[in-house]
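**Q** Chains as they are written, first to last, in the numbering used here: chain L, 1 to 70; chain E, 1 to 210.
The hints are simulated quantities; they were obtained by calculation from the structure and are not laboratory data.
Hints may contain errors.
As the list claims (entries may be wrong) - Computed Cβ-Cβ distance ranges for the label pairs, DEER-style:
| no. | chain 1 | residue 1 | chain 2 | residue 2 | range |
| --- | --- | --- | --- | --- | --- |
| 1 | E | 26 | L | 6 | 19 to 27 Å |
| 2 | E | 49 | L | 22 | 20 to 28 Å |
| 3 | L | 67 | E | 9 | 20 to 28 Å |
| 4 | L | 34 | E | 137 | 39 to 47 Å |
| 5 | L | 65 | E | 17 | 57 to 65 Å |
Idealized CB from N, CA, C, for every residue including glycine.
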Amino acid sequence: MVAKRTMTLNLTDPEMQALEDLATRKDITKTAILRQALRLYQMIDARVERGEKLLFENEATKEKAELMFL
Amino acid sequence: MTVARSVIYLEEVATGAAVEAELRDAIEEAQLADWQTKWQPALLAVLQELIRKGVSPASWPQSWHWDWRRKAAGVQGLLAFRGFAVVAQGETQGLAQVNLTGVAREQSQAGKPLVYLDYVEVAPWNRPELGSRPRLRGIGTALVAAAAMLSDDEGFKGRIGLHSLPQADDFYRRRCGMSDLGPDAAYQGLRYFEMTPTQARAFLAEEDGR
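Whenever a hint applies, use it, and build me the whole structure from the sequences.
**A** As structure tokens, then:
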């Protein structure tokens, strides 16, 4: 297993609520949610840096929306 | 990054003897060199024989065009991807690349995170479907078990998913006990398989008992 380091995270109430809701819905710990978020953020950032776009498509209507990633 | 190595045991098909092997949680240059200098020539020899026999490309080993060096370079430094390698008898015997941002589709697990196996490949000399008797057995199972254990370590409770090449459908269905969710039109019609937490516990317990 990869060694892990500990950090303190300061969140507002709504942020903590969102984190707790996601952890419950996804059936994983709050730490796991944040680690997933970091993986996704890093992956998307790398692809946007390469000149790619992030698009969402509605499966039913095939409507596409581009997510601006700053 | 330090590569974790654990001892596993494979079966030497000719003798039935247990062979000590190493499961590594990364694909390093030595593995890519083995793929290039050992797997590729072995696979080329198989393809030449298939061409000589007039076998159509549709029946060739379906991973023949995979380029592991390119796959590894494409995910270099990205936290979402991990690699596994099985090394035995001084050679790389199997490789896998997984993505930790997969999402479950199976009804009871839908929307929950899983480890998605992007690619799993066993060295050509260990693949019975390539014509000759395999040297070692148990490599594919070890790689699937590694993915399920990673999923458990990540808090995903052993959930894994993959699209199977048709030659491996039975392996994932019967040997690994995964749920077959049918052909995926969005993925070249390949069948999509998932392992639920319950299936993962059963699979890992069986592997542990071997």
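**Q** Just tell me: holds or violated, for the beta carbon distance of residue 34 (chain L) and residue 137 (chain E) against 39 to 47 Å?
**A** Holds, at about 40 Å.
**Q** Taking 20 to 28 Å as the stated bounds, is the beta-carbon spacing between residue 67 (chain L) and residue 9 (chain E) within them?
**A** violated (47 Å)
**Q** Given the hint of 20 to 28 Å, check if residue 49 (chain E) and residue 22 (chain L) actually sit that far apart at their C-beta atoms.
**A** Once the Cβ atoms are compared, 53 Å apart, the range 20 to 28 Å for residue 22 (chain L) and residue 49 (chain E) is violated.
**Q** Does 19 to 27 Å hold as the CB distance between residue 26 (chain E) and residue 6 (chain L), or does it fail?
**A** At roughly 24 Å between Cβ atoms, residue 6 (chain L) and residue 26 (chain E) fall inside 19 to 27 Å, so the hint holds.
**Q** Return holds or violated for the Cβ distance of residue 65 (chain L) and residue 17 (chain E) against the range 57 to 65 Å.
**A** holds (58 Å)
Comparing the model with each numbered hint stated earlier shows that hints 2 and 3 do not hold.
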